[in-house]
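Asker: In order, the protein sequence lines correspond to chains F and C.
The opening residue of the first sequence carries number 99 in our numbering; numbering runs sequentially from there.
The opening residue of the second sequence carries number -16 in our numbering; numbering runs sequentially from there.
Read the hints as simulated data drawn from the structure, not as lab findings.
Check before you lean on any hint, since a few could be wrong.
With a straight-line Cα cutoff of 20 Å, these simulated DMTMM-like cross-link-like pairs (lysine to aspartate or glutamate) come out [as the list claims (entries may be wrong)]:
1. C/K143 / F/E103
2. C/K143 / F/D100
3. C/K143 / F/D392
4. C/K143 / C/D125
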Amino acid sequence: MDVDERLRRAAHQLSASLAGERIPDTPRPARHAWMSAVVGALVTLGTVGGAAMLLMDGSPRVGLESVSSTTESSFTATTLPPAADVIQFVSDEHGFEITYPADWYRADEILAPALTSPPQQLEEVLSLGTFPLRPGGVECPHVPVNALLDLGSDDVLVSIILGNQGTGDRWPTAFGAASFLPTPAAGDAPIDAQTCSGRSDLDYHVGVFALDGRQVQIFVAFGAGVDDTTRAQTWGILDSFTWATTSPTTTTLTTTTTLRPGADPATGPLFGDPSDVVLLFDDGIDGVLALDPDGRVGSRSVIDGQVAGSSPYRMTRVGDTLVVGWAASTQSTSAPGSQRCWATPPSTFQPRKPTGFGWSTGQAAA
Amino acid sequence: VAASESSELVRVDDVPVVRGVESFDAFFRREYRDVLGLAVVLTRNRAVAEELTQEAFLATFRHWERVAPLDSPGAWVRRVVSNRSVSTFRRSAAEARALLRLNSYASRSTATELGDGMEVWREVRRLPRRQAQVVALTYFADLPRREVAEIVGCSEETVKTHLERARRTLAGRLMDLGEDRHGR
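Starting from the given sequences, assemble the full structure and let the hints guide the process.
Answerer: See below:
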């Protein structure tokens, strides 16, 4: 029997075995259904790997588990529950503290393992929600798609992203809806969040703030039915954000590098002097890997449906930002009708620019 | 692509719109078994294949407004499942979910259902992933070369080359298996 015939026979056998297969219910995005519970459990078990981000020192970046401890707190903010019902979260790795209600969920993994902006070293450092937080999503790795899909009408999602630049709006003395700039007509994170998740029913608040020389980006999504108490609780959580009094821990490598004798192998540019280069690798199948040797960060993004032979990725440098994608890249200020096209074809992963404007994606322009 | 829409899943302008729009439910019912079969061929086991199939249809559902008018929505969902089947990361996630799901009910054995066929598909999976995709789409999905090229994202000539190489490799391996079974 030749190869052709064996393959056709194997195909026939498989087809026959599937002929009686029960067709399941039509898939629909999960909303607080069993899928949320299952994936939530998986997250807890740590069985779904956060393989998207790697540190340049080779340590796998598997989420937020390096955070040192959670302790009871004597936090007394009026918008949060009594001390016994809150958790004080201390991140030694990123050097901040925050307090949240004990009945909220904290993500064990980065929800949006995006290629953001290597020069700014943006990093999602904490996500909290009133529901089990499911990382990733079918597409748009710069948006917490799965978490948004699972967000119920009375639920809230909060993500905190830190950057190494000190630019942004002034940190509010007390958070509230007014702390966030109005959403531009197009090209802002909420637009991406809406487009990627299909959740245009949510109330989004996205802000870029400067706090003590560092950048803190806040992403909040409220379900349509969130009451005032929960909203106040959410703002209270953000009000509790402070830099930790203890210094962030440093990583000491036990290995040595032969790249540049004398250079500190654990910090600073990998090659000693800044290269001002970001390396981008298309694996030819379904994704792109970006490595920033200066910031020692890497990020891999999986592109659904992308295969060798598809439209190639385009890289455009705009200012200090590397834009990667397929179609037009548009800068948009918060003023209506102020879009300006920077590059064609568009970008897929763009960092939000501080203070009043953002990069619009093709999705936003659609 | 719906040029200004950045969903990179498919290039709409490559696929002419020539027919009316079918409901997603009807599409799902019609295509489910074949897409599941393709996933079974390209993955290790049935449960993982089911997970990947669900993921692919879920992606299709989310993009249905743009996928439905395509000349071949079936090619679109096959492309997604084909890519995810050969993506280590995607497969790992699907395997983790499948593992959890299988804890709740008895596992079904695909191997016993398929008999010798499973042996053949196992050898197909050992091929370079592009060759494996081409073989699965050609023999199991029974698609013409033009559609295989569209799904895999290469020229028809490249598909032909992949297929020839795959056949050559499989001929040797399947012959070895046959000889082993007969006591070599």
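Asker: Against this structure, judge whether each hint is valid.
Answerer: Right, here's what the structure says about each hint:
no.: 1; hint: C/K143 / F/E103; result: holds (18 Å)
no.: 2; hint: C/K143 / F/D100; result: holds (18 Å)
no.: 3; hint: C/K143 / F/D392; result: violated (44 Å)
no.: 4; hint: C/K143 / C/D125; result: holds (14 Å)
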